[in-house]
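Add chain B to chain A, keeping to what the hints say.
Residue strings, one per chain:
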Amino acid sequence: MTPTMTKGRAPRGSSPERRVRRNMVKIFWLETKYEFLKNLRLPIYSLSTLLFPVMFYIFFGLSFGQGSIGPVSAALYYAVTYGAFGIIGAALFGFGVTVAVERGQGWMRLKRACPMPPLAYFVAKIIMSLLFGAMIILTLLLLGALFGGLQITIPKGALLVTVLMAGALPFCAIGLAIGYLVGPNSAPAIVNLVYLPMAFAAGLWIPIQALPRFIQGLAPLLPTYHFAQLALGVIGASQGGSAWLHLGVLAAYATVFLLLALFLYFRDEGKTYG
Amino acid sequence: MMTTQPPQETPAKVTVAALHSVSRYYGKVCALQDVSLEIRAGKVMALLGPNGAGKTTAVNLLLGLMRPTRGEATLFGRTPNHPQSRVRVGAMLQISGVPATLKVREHIDLFRSYYPDPLPLAELLDIAGLIGLEERVYGKLSGGQKQRLHLALTLAGNPDLLFLDEPTTGLDVTTRRALWAQVRRVIRQGRTVVLTTHYLEEADALADRIALLDHGVIIAEGTPAEIKARTANRRIRCLTRSAPSWIAELAGVSSVRRDGQATEILATNAEEVVLELLQADPSLRELEVSNARLEDAFLALTRQQGEKV
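Heads up: the protein sequence lines correspond to chains A and B, in order. Mapping to the working numbering: the first sequence position 157 is 157, numbers consecutive. Mapping to the working numbering: the second sequence position 36 is 36, numbers consecutive.
Simulated from the structure, these hints should not be mistaken for lab results. Given the structure is predicted, the values throughout are model-derived calculations rather than measurements. Misleading hints may appear alongside valid ones.
To be verified - Under the rule of at most 25 Å between Cα atoms (straight-line distance), these lysine-lysine pairs were calculated in the DSS-like manner: (1) B:K103 x B:K146; (2) A:K33 x B:K146; (3) A:K33 x B:K140; (4) A:K26 x A:K111; (5) A:K26 x B:K103; (6) B:K103 x A:K156; (7) A:K111 x B:K13; (8) B:K103 x B:K43; (9) A:K33 x A:K111; (10) A:K33 x B:K103; (11) B:K103 x A:K111; (12) B:K13 x B:K43.
The shape of chain A in the complex, shown without the other chains:
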């Protein structure tokens, strides 16, 4: 029966093989491009993820930060912590809220009915989050250099940006799981409830040394703490834990939440939406 059915397309020279051989590079490229444009044009995403870290950095990092924190200038220290704060936000909102909204709309269901490779959807969101993260970090470093006397060598700066961007991945996984757990209306609130306390307790707003003792004791349980320490380690301003430990904890968080998201994704398949 199959050959009969494809007969209609024969004049255009297509075989069943050709029909499924789509241009994967093009799909991934367009999916990423439009994911980026979609969020860039959405003020609630682009303004809040870009402006808040920049604003906080100007208020707390640059206006107070004439001195030094540990071995480095306040301008550099805060560029790292607010950079981490920013990229975590880009990842959590870029996944948590958009996935919840797109599930709620039925957009995901429509995409699943298409021959779109499901991976394209998720890769596009990761790249989009990382691009926003990169914009945040570079803006902070530039502002610090211009107005806060921030100095960093090019190789160290490049390593710092790389570490900060890579560190966004576990938060993409956490965001994804939230996106599958909660509805579109509650997603922004839930993401903020996870995001803001975890950022505060990890010392992303105020240096961790200045936080109350019991919060300092709790911080090593949080992925945000290990992310911050890993990035601060690049500029020699961490509390001195092993980089491998930080990496290990972040990898564990990424794995657990990715598995949770996968479980929820397949559970969703059985429902009328998702």
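The following block gives chain B in isolation, referenced to the frame of chain A:
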């Protein structure tokens, strides 16, 4: 008008999609019960039924968006979620929207990339009546325009088989009729269509065959004319003092219903029933006899089903 070559007419005997004794449960709730259905090439099949009858479940099963609890669904002879099936299908699902900040052109561009043989952008804009709106973001479109963009996305891959799941729900009458015109144009290109609707008028206007679904069961299947003929041939409407219970006892009467002041009777032998009515009540007024509408058939069939249970 721009045209690329539409899918050629395939013999109507070919089954492009089917449900074989399919049941689907959500927990303990049965959405479809032992349903068998064959979608023939080049035809428009309407799944007609009230909300909750199982229409969307049937579409989800045929599209491979969910698995049957029992039985088997096939699409182009394969399991529905096979990539080679997916590239030949377009689905207009009941969605509340697509991302609001992307433009019409961008949405279509993205969907075209998923398929090996997409229709050209200009042709999609033309079919869906979106010319001039390419640069408008989705969030700024009217309800009808949004629905037309959904139709354009459905057609992006030049599909052989289209699923239209309640395509005109929530649209006003004018917009609905405009969308029907667009759907008819798509049908004329020889594509196969599965349409779900709870508008009888819509099924009557577009479909070659209708499957009537009620409570997860197909209670009748056939051409719109056959479905109408399945029950009363004629519909009698009048103002009379005769009691409905007495009318219901007359030979050939299948149902009697009060509609405000008026009495509505469905009967196979309208002339004889009218004669009896006039003899019993010479003051009978405003007599109308007409062919049964699909709605009458639907009501009668669902009622018969109710009585059987």
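Okay, the hints, checked on the actual structure:
no.	hint	verdict
1	B:K103 x B:K146	holds, 11 Å
2	A:K33 x B:K146	holds, 22 Å
3	A:K33 x B:K140	holds, 21 Å
4	A:K26 x A:K111	holds, 16 Å
5	A:K26 x B:K103	holds, 19 Å
6	B:K103 x A:K156	violated, 41 Å
7	A:K111 x B:K13	violated, 31 Å
8	B:K103 x B:K43	violated, 33 Å
9	A:K33 x A:K111	holds, 16 Å
10	A:K33 x B:K103	holds, 13 Å
11	B:K103 x A:K111	holds, 17 Å
12	B:K13 x B:K43	holds, 10 Å
Of the hints listed earlier, those the structure fails to meet are numbers 6, 7 and 8, in rising order.
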